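Residue numbers (the numbering used here), protein chains in the order written: chain A, 1 to 139; chain B, 140 to 244.
One or more hints might be untrue.
Short derived list, chain B residues pointing at chain A, Cβ under 8 Å [to be verified]:
| # | residue |
| --- | --- |
| 1 | W172 |
| 2 | M204 |
| 3 | F208 |
| 4 | L210 |
Don't read these hints as lab results, they were simulated from the structure.
Treat the numbers as computed from the prediction; the structure is a model and nothing was measured.
In this text, a Cβ means the ideal position worked out from N, Cα and C, and glycines have one as well.
Each chain, written out:
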Amino acid sequence: MACFLVPTAEAIVATIVTKSIKTKEKKPEALKIDTGNGNFEIEEKIPFSHKLKWLTNMLWGGAVLLAFEHVWHGEVTPWFPFLTAASNPSDTATMLHEMSTVGVSMAILVTAVWGVMLIVSSAIEKRALKAPGAQPAAN
Amino acid sequence: MTLLTTVFAAIICTIIWYKNAPKNEMKIGILCWMYWGASIMWFVDALFEYAELKAEYFTPAPADMLNDFYLGLSVVALGLIIWLAILLIKDPKGVVKAALFQKKK
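The shape of chain A in the complex, shown without the other chains (with noise of 0.2 Å):
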């Protein structure tokens, strides 16, 4: 009925982390990297406001996606009250429901298989710092 809402709110709410992140992110660690033949390559690990759009942008496009299907079956409106589920009291009663289930639900699951990414990115990182060759770069 109005699910996606729940994803969009927490899209909001990433985005103006993500923003504020940015502005007071220092420079990322870089890392130096022994190619052979005495060459070197820098390589610098990505902040965290980039992981961060990762979370964003599955909320967002999700979000975006579900809404559309919600203008398909009819259930949002493009005039005032703009939820079909909002016009009665019993409606409103099911929507806010699946809002709290399904919604909620949605957003968790978003939120979870990020983490589960932000855990494997950490994990490759740390690999990248303990394979041979590899030393702090000096910034």
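For this one, chain A is given, so just place chain B on it according to the hints.
The following block gives chain B in isolation, referenced to the frame of chain A:
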């Protein structure tokens, strides 16, 4: 069917993204995030529907299946339109800029 269509779109986009990485001229990543985000959300929707319908969930009426597939294709098309708009606005290859401006002789 909508979930399945979106998951396949997400998988195809991810394969294309991986094949072209680290180059990101076509911004395929946008499509990946969009389709994966929608797939996760529809997966949750499917779980709740399954909890309600049980085994009946896997035997939808052909008309419902067709309508859901039609919706899935429309969702994929909308995703492609959004991606195309972002691609043309960001114009990473400078193609739009080159088409709009002429070099002075």
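Now the hints, each set against the structure:
1. Annotation: B:W172 was flagged as interfacial toward chain A, and the flag holds, the nearest CB pair being 4 Å apart, inside 8 Å.
2. Violation of the interface hint for B:M204 is found here, the shortest Cβ-Cβ separation to chain A being roughly 15 Å, above the 8 Å cut-off.
3. Annotation: B:F208 was flagged as interfacial toward chain A, and the flag is violated, the nearest CB pair being 13 Å apart, outside 8 Å.
4. The closest approach between the C-beta of B:L210 and any C-beta of chain A is roughly 6 Å, which is under the 8 Å cut-off, so the hint is satisfied.
Of the hints listed earlier, those the structure fails to meet are numbers 2, 3, in rising order.
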